[in-house]
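Turn these sequences into a full structure, and let the hints steer you where they fit.
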Amino acid sequence: MKNSIRIERAIKNITQADLAELIGVSRQTINTIESNRYVPSTVLALKIARVFGKPVEEIFNLEDTD
1 MKNSIRIERA IKNITQADLA ELIGVSRQTI NTIESNRYVP STVLALKIAR VFGKPVEEIF
61 NLEDTD
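Residue 66, in UniProt numbering, is where the sequence shown stops; the numbers in between run on with no holes.
Hints are computed from structural coordinates only; laboratory data are not their basis.
Any given hint could be a false lead.
[What the hints assert, rightly or not] Restraint-style ranges between C-beta atoms, simulated for each label pair:
(1) Asn13 x Thr65: 28 to 38 Å
(2) Tyr38 x Asp64: 18 to 28 Å
(3) Asp64 x Asn13: 25 to 35 Å
(4) Leu22 x Asp64: 24 to 34 Å
[What the hints assert, rightly or not] Under the rule of at most 30 Å between Cα atoms (straight-line distance), these lysine-lysine pairs were calculated in the DSSO-like manner:
(5) Lys12 x Lys47
(6) Lys12 x Lys2
(7) Lys54 x Lys2
Just so we're clear, the structure is a prediction, and the values are computed from it rather than from any experiment.
All C-beta atoms, glycine included, are put in the ideal place defined by N, C-alpha and C.
Written out as structure tokens, the structure is:
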């Protein structure tokens with residue numbers, strides 16, 4: 001699964017640490033999600049989407065191999 005968190009953060013001009021604080025996780029968690037090394041839970045994905053004011057499917061995209 002791919003995501004556009006890094007792009008969305010740049011648009012809102014927030015750091016990984018800022019996003020992590022807003023949703024209640026560590027900066028390392030945000031880093032691993034952005035790097036596609038960790039697939040977030042549904043709740044976490046919804047929290048991230050809420051911060052950016054977008055539907056989950058605009059931030060997280062399934063790949064053909066998923």
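Status of each hint after checking the structure:
no.	hint	verdict
1	Asn13 x Thr65: 28 to 38 Å	holds (33 Å)
2	Tyr38 x Asp64: 18 to 28 Å	holds (20 Å)
3	Asp64 x Asn13: 25 to 35 Å	holds (33 Å)
4	Leu22 x Asp64: 24 to 34 Å	holds (32 Å)
5	Lys12 x Lys47	holds (15 Å)
6	Lys12 x Lys2	holds (19 Å)
7	Lys54 x Lys2	holds (16 Å)
Hint check: no violations occur; every hint is consistent with the structure.
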